[in-house]
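Taken in order, these protein sequences are the chains called A and B.
Position in the first sequence (first residue = 1) + 4 = my numbering.
Position in the second sequence (first residue = 1) + 4 = my numbering.
Please keep in mind that the hints were generated in silico from the structure rather than gathered at the bench.
Take these hints with a grain of salt, some might be off.
Remember, identical chains collapse to one label, so a pair may be satisfied in a single copy or spanning two.
[Claimed, not checked] Computed list of lysine to any residue pairs in SDA-like fashion (alpha-carbon distance at most 25 Å, straight line):
| no. | residue 1 | residue 2 |
| --- | --- | --- |
| 1 | Lys75 | Glu28 |
| 2 | Lys130 | Gly144 |
| 3 | Lys26 | Val187 |
| 4 | Lys194 | Pro155 |
| 5 | Lys25 | Leu58 |
| 6 | Lys194 | Glu55 |
| 7 | Lys75 | Gln131 |
| 8 | Lys194 | Ala136 |
| 9 | Lys25 | Asp6 |
| 10 | Lys26 | Asp6 |
| 11 | Lys184 | Tyr148 |
| 12 | Lys142 | Ala42 |
| 13 | Lys75 | Thr186 |
| 14 | Lys142 | Glu9 |
| 15 | Lys184 | Val140 |
| 16 | Lys171 | Gln46 |
| 17 | Lys26 | Asp177 |
| 18 | Lys25 | Arg12 |
| 19 | Lys194 | Ala61 |
| 20 | Lys194 | Thr83 |
| 21 | Lys142 | Ala61 |
| 22 | Lys75 | Ser8 |
What you are looking at is a predicted structure, and each value in this text was computed from that prediction instead of being measured.
Number of protein chains: 2
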Amino acid sequence: MDFSELLRRRTVRRFAQEPLKKEEVRAILEAARLASCAANLQRLRYIAVMEPSLVAAILPHTAFGMMVHPKRQPVAGVTSPTAFIAVCSTCDPNESLHADAGAAIQSMEFAAWNLGIGATWLGSHKQAEIAALLDVEKPGRILYMVALGRPGETPCREDVDADASVKYYLDADDCIHVPKYTVDAITTWK
Amino acid sequence: MDFSELLRRRTVRRFAQEPLKKEEVRAILEAARLASCAANLQRLRYIAVMEPSLVAAILPHTAFGMMVHPKRQPVAGVTSPTAFIAVCSTCDPNESLHADAGAAIQSMEFAAWNLGIGATWLGSHKQAEIAALLDVEKPGRILYMVALGRPGETPCREDVDADASVKYYLDADDCIHVPKYTVDAITTWK
Chain A
5 MDFSELLRRR TVRRFAQEPL KKEEVRAILE AARLASCAAN LQRLRYIAVM
55 EPSLVAAILP HTAFGMMVHP KRQPVAGVTS PTAFIAVCST CDPNESLHAD
105 AGAAIQSMEF AAWNLGIGAT WLGSHKQAEI AALLDVEKPG RILYMVALGR
155 PGETPCREDV DADASVKYYL DADDCIHVPK YTVDAITTWK
Chain B
5 MDFSELLRRR TVRRFAQEPL KKEEVRAILE AARLASCAAN LQRLRYIAVM
55 EPSLVAAILP HTAFGMMVHP KRQPVAGVTS PTAFIAVCST CDPNESLHAD
105 AGAAIQSMEF AAWNLGIGAT WLGSHKQAEI AALLDVEKPG RILYMVALGR
155 PGETPCREDV DADASVKYYL DADDCIHVPK YTVDAITTWK
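Please put together the full structure from these sequences, using the hints given.
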């Protein structure tokens, strides 16, 4: 898949119920490990969750698509993700670690898309409950969760000008529309 | 370029002195605008600097390769970047905005690599001085700088285990070596 196709990637919040293969999740983690990070310190660690009962136990502690909540919250066993990756830090998080996490997750999202796998980057998750399920000692070190699975929806991107709303929304056919500013809307040239 | 080639991307800190084309920088910004971000809020803005005297004026206010500093600080007019992109926020930055910036920068780095362009993500930059040069009212809103240019070096990645040092270093031939943890070193499977 060439880069222009990778840029068609969108967040997927509804998943088909066909499990992922371990080598697919490993390929996604390969993209995480090779992402940019501050001073090459590599202070992020990953918990890859593929065991179905554990994936199911995590799901209620996540929140998908807050702008259309609860309409894009996956239904367990129907549209739910088939794997999660917990993105954790080796030390108490700061802005630099969040930037590292953003880079690693973006890289994983491309890797997933390249394999025909959908992903949701989740910032609204219950750290304490998920930490208990994953045996993570310090819940605050679970920075983000990434939900994975084969896509069960096809989001639609719309390019908009600087004065437009960027709220994503569901249309009458239950398709999610995602407005994205054009380059001109967000760039000053000097 | 397919995804496995994109993953060969490494930070480039020495640049050839051939200028970039505006459409190349625009393609890099296209990758920024399509990056993942929290709630699709798109709170990042970009200042693309291609004017040679302004690029030169910014350079002294940046710090490249802190682990080998000053040995990978570009020399003006010899190994210096030929463009900068300032990654700015529309509001006071928080962890979520830093995560968004990380995602956008990772996406830009892939876009650059795809075009044969090298990039350095800079976190150590003098905000006040650069803000004055770029007419940015609130210096704290310049989260990161990205230096761009045609590559003038070929960094070498090394895959290492969990107990290895991740300090990057210069060898006797002045080539930079970048140790990266393997997937096994940073992943727990559940």
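task: If any of the earlier hints don't hold here, list their numbers in rising order.
output: Result: hints 1, 13, 14, 17 and 22 break, sorted rising.
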